[in-house]
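**Student:** Sequence:
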Amino acid sequence: MKKIISFLKTDIKVLNSYFLITMILVLLILVGYISYVLFTYSKTSSNPYILGN
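So in the working numbering the end of the sequence shown lands on 53, straight run, no missing numbers.
Hints are not guaranteed to be accurate.
Taking CB as the label site, the calculated pair distances span [said to hold, decoys possible]:
1. 39 with 1: 52 to 62 Å
2. 19 with 40: 25 to 35 Å
3. 38 with 2: 46 to 56 Å
For the record, the hints were derived by calculation from the structure and aren't laboratory data. The model shown is predicted, which means the values in this text are computed figures rather than measured ones. Cβ coordinates follow ideal geometry from the N, Cα and C atoms, glycine included.
Work out the full structure, taking the sequences as your base and the hints as a guide.
**Tutor:** As structure tokens, this is what we get:
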């Protein structure tokens, strides 16, 4: 019984670390995507010829 409990505890730790890593990756991707969209939007909004197309 103790082995099962210790295994579950380590499993939860591994899951938590993977969950944290995936959350950080998702946040980085979201921030990069938002900054890219804002950058392209500011670029196109300052150029009226691109908006005309």
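**Student:** Look at each hint and say if it fits the structure.
**Tutor:** These are the hints, each one checked on the structure:
no., hint, result
1, 39 with 1: 52 to 62 Å, "57 Å, holds"
2, 19 with 40: 25 to 35 Å, "32 Å, holds"
3, 38 with 2: 46 to 56 Å, "54 Å, holds"
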